[in-house]
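From just these sequences and the hints, can you work out the full model?
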Amino acid sequence: MIEIRSEIDPQNIYSVSELNQEIKTLIETTIPVVWLEGEVSNLKFHSSGHVYFSLKDKDSQISAVIWKSRFAGLNFTPQDGMKVIVLGRVTVFHKRGSYQFDTIKMKPAGVGDLQLAFEQLKQKLLDEGLFDETQKKPIPEFPESIGIVTSETGAAIQDLYNVLNRRFPGIEIILNPVKVQGEGAAHEIALAVDEFNEFKKVDVLIVGRGGGSLEDLWAFNEEEVARAVFRSEIPVISAVGHEVDFTICDFVADLRAPTPSAAAELAVPDRIEWLERITRMKHVIFERSAGKIQYERERLTSLVSSYHFLRTPDIIKDFQQRVDELTNTMQVSFRHRISLLQNRVLSLAQQLQSVAPESVLKRGYSICVREKDGVIVKDANYLVQNDKIKVKFFKGSMSGIVEEINND
Amino acid sequence: MAEKTFEQAIEELEGIVKELEEGELSLEKTIKKFERGMQLSKHCTEKLDQVEQKLKKLVKTDDGFQLEMM
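Chain order of the listed sequences is A and B. Under numbering that gives the first Met the number 0, the first sequence has 330 at position 331, and the numbering climbs by one with no breaks. Under numbering that gives the first Met the number 0, the second sequence has 38 at position 39, and the numbering climbs by one with no breaks.
In short, the hints are calculated from the structure, not lab data. Treat the hints loosely; a few may be bogus.
[Said to hold, decoys possible] Rough simulated footprint, nothing fancy, chain A against chain B, three-plus residues with beta-carbon under 8 angstroms:
1) 5–15
2) 24–37
3) 41–47
4) 53–59
None of these values were measured; they are calculated from a predicted model. Just so it is clear, CB atoms sit at the ideal spot from N, CA and C, and this is done for glycine as well.
This is the structure we're talking about:
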């Protein structure tokens, strides 16, 4: 029973401050740090970074706060209507005489907080278009150099190396070693992807690790990794955990491989398969080229044996015959012409004969020649007295000296 | 040919196979393509036969990157 004093005792009057202070002390020392389950409502993100909300069940509610520094540690974002379990304690705001729940930790009730964080980031990046098919870069069919972002000591690098070596020995493999789990892993992975992009001299990137728990794989669900993979100019193959594990990194990557070994198979062609393909191509080239040569040979043969081609010698013979005939004709007419000419020459010779000096001499005329210069004397005036002359007869001649000249 | 990557060589080789399969080339071209095709297939096979496996580590330094053999 509480004793109610009706009379004022001036020694025992509380100030508001004193009362609130007593309430504060009483509450804060008697109610321990507790886990509290409730539904989030009236969620307010204050510009200071602190987050205010109410937690309620169907009959009651309590004001609550998460200070900025603690809110940053959550791996999901609370929303109105969300069922949560919070760890914290009741504090009294002395100035206002109100109390509120000071949240230390918050987890989603029902689903795990990692699962929730995953769903939330996935939705956010999906909305931003980071998973769009149009953003995916093609994986080169024949990379000359492959960049790998994983742990130097994990199973993944061994698997990758073995499969790459088996499928396509000779390809350059460059590892940028990172922590793949725990504090700072996401940052190292993102940085390594960026470094490869700065380095440039690889054709494709494989980012991943071997299997593990959701917590082990968590780094690959972090936004920082997703952003680095998205901005990579080099195509990225994501290879995280086992077949059943899907990470944010898988969704952002240009290609998802179910395991690191599968990533190696997707990254490089199979050497044996390609050797066989080249052999087949070589075979086709051989066959087609030989076929073409055979075809042309047959075409030639059929041309050579064609009627027109075979007739060619006949045509040539015809021509030869004509040439022979023409030659004959030509020779005959040539001979005829020659004999005509010969006859003409003969008759001209006869004509000449008739005017030759011998034939005149024969008829009794004689020729007188002035001996000093051989001039034939046709006029007595050619001569003077005592000129020597020679007189030719048809038969023989005589010499004499001019005695007298008569100009009649 | 030395500067041709495997991918480029394979592409050209596939082109030659296609052209020959279409069979519309002259004899001279066929022979030229044949010779080129043989050259390319040799080049590709040689590339596939390089067996030296290289695993290197990317190391960032003050003036760029270095590759360390592992």
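Structure-based check of each hint:
For the region 5–15 of chain B, the stated coverage by chain A is satisfied: 6 residues place a CB nearer than 8 angstroms to a CB of that chain, which reaches the threshold of 3. Under the rule that three or more residues need a Cβ within less than 8 angstroms of chain A, the assignment of the region 24–37 of chain B holds, with 8 such residues. Under a criterion of three residues with beta carbons nearer than 8 angstroms to beta carbons of chain A, the stated coverage of the region 41–47 of chain B is upheld, 4 such residues being counted. Against chain A, the region 53–59 of chain B contributes 6 residues with a C-beta closer than 8 angstroms to a partner C-beta. That satisfies the three-residue criterion, and the hint holds.
Of the numbered hints given earlier, the model fails none.
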